[in-house]
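Chemist: Chain by chain, the residues run as shown.
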Amino acid sequence: MPKFILITGRTAGQGEALPKGKESEDYRQATECIEMNPVDRERLGLQAGQRVRVRTAFGEAVLVLREKELPEGMVFVPLGPGANALIGAETRGTGMPDSKGLEVEVEPLCG
Amino acid sequence: MGCISCAGFVIAMSETDAVTLRLKEPTTIPIEADSICPDLFVGRSQAGIESLPAFYGRRKVTLGDLFTVEGENSDQVIVEGALRYVKKIGQRMTRGRVVVRGDVGLHLGAYMRGGEIVVEGNAGDWAGAHMQGGRIWIRGNAGHLLGAAYRGEKRGMNGGVIIVEGNAGREVGALMRRGLIVVLGDVDEFAGVRMITGSIFVSGRLGARAGAGMKRGTIVAFADHAELLPTFRYDCRFQPTFLRCYLLQLHAWGMSIDDDRLEGFYRRYHGDLTTLGKGEILIYDQR
Amino acid sequence: MIGIINGEVYDPQNGVNGQICEIWVENGKIVPPPDLEKRGGAQIIDASGMVVMPGGVDIHSHIVGAKVNAGRKFRPEDHRDHVRSRTAYTRSGSGYTVPSTFLTGYGYAELGYTTVMEAATAPLTARHTHEELEDTPMVDKGVFITMGNNHFIMNCIRTKQLEKARHYVAWLLGASKGYAIKIVNPGGVENWKWGRNVSTLDDEVIGFGVTPRQIITALAWINDELGLPHTPHIHGINLGQPGSARTTVETIKALEGRRAHLCHLQFLSYGGEPGKSLRSGALEVARAVNEHPNITVDIGQVVFGQVTTMTSDGPLQYRLHQLTGQKWINDDVEGETGGGIVPMEYKRRNWINAIQWITGLELFLLIEDPWRVFLTTDHPNAGPFFCYPQVIKLLMDRDYRAEMLEKVHPRARKRTVLAELDREYSLYEIAIITRAGTARALGLKNKGHLGLGADADIAIYRKMDDKEAMFARPYLVLKDGQIVVRDGQVLHEYQGRTLYVAPSYDPGVESDLRTHFEECYTVSFENYPVAPDYLPRSEVVSCT
Amino acid sequence: MWIENVVCPFCGCLCDDIAVEVEDNRIKSVKRACSNGRSVFLHAPTEARRPVVDGKEVDWPDAIDAAARILMKSASPLIYGLSSTASEAQRKAIALADLLGASIDSTSSICHGPTSIGIQSQGEPTCTLGEVKHRSDLVIFWGCNPVEAHMRHFARYSVLARGKFTPQGRKDRTVVVVDVRPTLTARNADIFLQLRPGSDYEVLITLRAMLKGARLDVAEVGGVSVAQLADLVERMKRCRFGVVFFGMGVTQTGGKHWSIAELVALAAELNAHTRFNVMPMRGHGNVAGADCTLTWQTGYPFAVNFARGYPQYNPGEFTAVDLLARQEVDAALIIASDPMAHLPRQAAEHLNRIPTIVLDPEMNLTARVARVVLPTAIYGISAVGTAYRMDNIPLPLKKVVNSPQPTDEQVLDWIIERVKT
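Residue numbers (the working numbering), protein chains in the order written: chain A, 1 to 111; chain B, 112 to 398; chain C, 399 to 942; chain D, 943 to 1363.
Note that these hints are calculated values from the structure, not bench results.
Computed from a prediction, not measured in an experiment: that's the story for all the values here.
A hint or two may mislead.
[Unchecked claim] In silico DSS-like links for lysine-lysine, alpha-carbon gap of 30 Å or less:
#, chain 1, residue 1, chain 2, residue 2
1, C, Lys-674, C, Lys-558
2, B, Lys-389, D, Lys-1154
3, D, Lys-1154, D, Lys-1179
4, C, Lys-745, B, Lys-326
5, C, Lys-805, C, Lys-791
6, D, Lys-973, C, Lys-558
Put together the whole structure using the sequences plus the hints.
Modeler: Structure below.
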């Protein structure tokens, strides 16, 4: 299973959807996705728009795959419930969890 | 280098003389028990010890509310029970001995000046923070910021010895000024960050960014590989004689350090070049 | 009604020098002694063996606002061992040299101080200052507004539109709910924004074509024209530099007789040559102050121990950072001012620190008129405010002073006249330099005295030989006629007033200001002024 | 009716030039705001909502009573959030924490908490945004993406802004972006340094060593050649006024506060050559205010605990993620934040186990699991208040529409009164 480096962060879509409510369709669409570059996507045999299972040592999430210009081996997930399922709660004496740079596995969702 | 000869002398504890505290109820509510300190137990009756203050979350209680206490008037202390959420045991102690049977919470032995603490399990973060003397021996793992400085302070540990048989977390010995920290397992990143002087020995894996911003002091990696910052430069390969003295002392304390490490060669790097650059990192070299 | 009887009263404004007299208080004011019938219902405080003074008035202290708060934020090591627990009536807090707001209020009251002036706020951050003042209980307070590097003012000076500058200053004081004009290193702070400074009164401010001399004289003129209750409050150029004494004397001369207050004069009274050896320049500066009755000063006395230096003088703070290697905050404020913060420790055995300590004491003892020299430590720059009792003891007790002088670095003792100065302050003089004089210099007519109609802000101390112990723990403190402190402990929280000025101005200046805001600021003209609702209790002090 | 000079409460830019059109107490349109800001104004809830206790709508006094009971019963309460409320309410929240002996933490701990820790060890050469606008000729964005997160930052304050000494705006500036991926911000850069994830610390310390003239044994650091880094150092030294804006790309990765300390040290040392400042890109509208109010009332910017009757500070101990993940709190009061959506799931889950009280204008994910929900007005839209911009400039939030809801400040006052009696 190939490993990717997970980066989380803000996006314009997530920011704009926030005031519409966490249960709005816009917010769900803006946050429940994962971005990957085309080379990696093809290597994994995935399609944009497809749902994938993303897993770290701390948890997993089902997200919609999107294609984006990113360095190979890196995936990006916007801040939101999806990202939070993937990051751990250990802060190593800082109060801040490791929200970026985690290893993740990405696999197509079966069934 | 820190001085180790004066740091620890193990006195066998006669358990019959000791004050034993057993936590009554396991809890995840944090308990602040800086009153579990040998200095405060000397000259106190059992009732006197029971009436020492402690904090159960935001509630001011007594040690007797939280612990069953047996024994009195002794600087030999045994603490038992589910202590992972009990903080500040042995804080500021200057004498005697505390044995923790099991895991213990944050700030164990912070600001400690003398005596000894033995933890038979794991210790939480900030153990030995700002320690000035005495010895902390952790049989299990230590948390983060072992022997470190609290946030914003200019210097941390200023004397004494900390020994960890398991692993230790991030920022071991941050801003250390004097003393010795020995970790037989692995340490996480930033060991000895901004240390001023002092010594840190690591038997297992030395995490990334060791010695970041260090002025002086010595970090020794007994594993033969460590990833160093670009601000350290290679000096030479040599057999450090001073290390023998340390290792023999560790042997004497009952720690098994491989003979290869005693006799072997080390690669020396100096740094951190963003500061004085007089710190050294020694990495065991198997060749 | 409260009657304070049998006390030894020191009320210099009214010429009362230790006479036993009665002070009567009703509805927050000093009132005439009531008739016998009314006396019966009054609460009587027997002040036998005690000294009764007006509440202290601090003319220069850094207690609130963006800079102080940045100092708090970056110094957890200052707070960790200095805490105060909450009580049923008071809030908790922490901090030694930069205490949290509630602690600051309690701490001042517990010394017998009832009015404190925050010495420097950038008008752009005045809203923050007033928010903190609301959380600073016990004392009345005011804010000095930094203007010595203000773009609008410098532009007016260059284009010789002083009238416009005058209207702007009036508007600015009202908009920021400020009390006085503050000048800090005029021109030097603006130049620091390009990494430079000024070193003489005639250096040019980069990009503005004006000089420190022009800025000082223009603002002194404006201050007089507006009839502000206080004078311009000036932190001059070359602060902390050897040779600053000469610049200070030049600054006094440059004022050409106009009224001005020079703050923390100690830091600006060093002899020697720039870049070379430091010595006290107190003789030279004290002489100039003595010869110029238009000048008042406060000292900024060094107290050995930990401090947090913080001023709007950005280049100075950078220099301190470089000298000490300590952590450093810089904070440049668009179009107005700047600032910096560096923690420090003054050590007895450090000869430079010792010279600074000596210089301050020499100024206290050499400046003749107590009505023109005031006690401050420029809190928290030269020492924390709660060390005032220690400074009082140094002034009142020459044996103690000599003993302390013996303990400082011998090199510092060599070239000082301090050992020869026998003067001892009397209680009457202490009352002047800590309350009567400061209230007068601030133009606070209801404060600093115990005459009829004055605010009933009163401090009662047990008379003791050890003046430090005496002033450290008042028996009682009354604020607006209420007993708020007993035996050096706050009894309950009390919200003091914010004192500010609102001089009138030509509203025509506002159209210029709109343009200025569009060009110069990142906030709009409308969102800049501090609305009155930020001041829960306030008093407008009138201009003459 | 158009209301001018409205301050947008969404992000740390606090743009104060917004115009809002209001008709029949509804916001009809918004001028000058970015898409985020527009969305805030246009989707502000205005309908009346009643408090909810245990899933049932109740009257305010009953809801306050329920909230106070939970807090008084708790041995270890947490008050968390604060970044999207006004400083007036933040001050009340701290007063309540003091009164209770609670832990109090803001969302700072998961954005720029490490920045505060870094500043506490190294300081912070900084300035207001107007200084950047007027003087900067070198602007560096490190681990931040203002094009998506602070959309008007370029135009109002940094890249495009024309100032007194930068009359040509963009032309007068060199823009450098340092990030691990080619963000939209990076597309606007003159120079883009793409780092290997997690190597910010190495790159920063290398830059500082190079500034000091140290000889290094390496050819590349963090995926960037030493030649590129040398070029950046030269540009930093030669510029007239430089600034580094930094974001969670720095605070949330490996070095965390030590990266910030390195960045600060680099900027401080550059002041020997020119003027150089740093500024954290604060996210939420008043998260900077949470730092300010906590600091002036307690001495510390976040991660404060009052259990002993006075404030104690320790990130990693009294920060929300740690307190929740270690299950050290037995009740929570969440103010103007949505930890169920924004904290790591392992930490947030604890809010499900303990009685949680939510003060928020919105029905958010945390409110879904809360025992008590107290719907409040929105500062900057239906309530006045004060907010602090990312450079700590305080601005007045306006009330553009009326709301039937009380403010956070009022509700907290009611809780305080109830707890006191």
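Chemist: Would you mind marking each hint as holding or not holding in the structure?
Modeler: Cross-check of the supplied hints:
1. C:Lys-674 <-> C:Lys-558: 39 Å, violated
2. B:Lys-389 <-> D:Lys-1154: OK: Lys-389 (chain B) and Lys-1154 (chain D) at ~15 Å, within 30 Å.
3. D:Lys-1154 <-> D:Lys-1179: 11 Å, holds
4. C:Lys-745 <-> B:Lys-326: Given that 30 Å is the threshold and the Cα spacing comes to 24 Å, the pair holds.
5. C:Lys-805 <-> C:Lys-791: Measuring from Cα to Cα gives roughly 16 Å; hence the hint holds.
6. D:Lys-973 <-> C:Lys-558: 39 Å, violated
In terms of the numbered hints stated before, the structure departs from hints 1 and 6, listed from lowest to highest.
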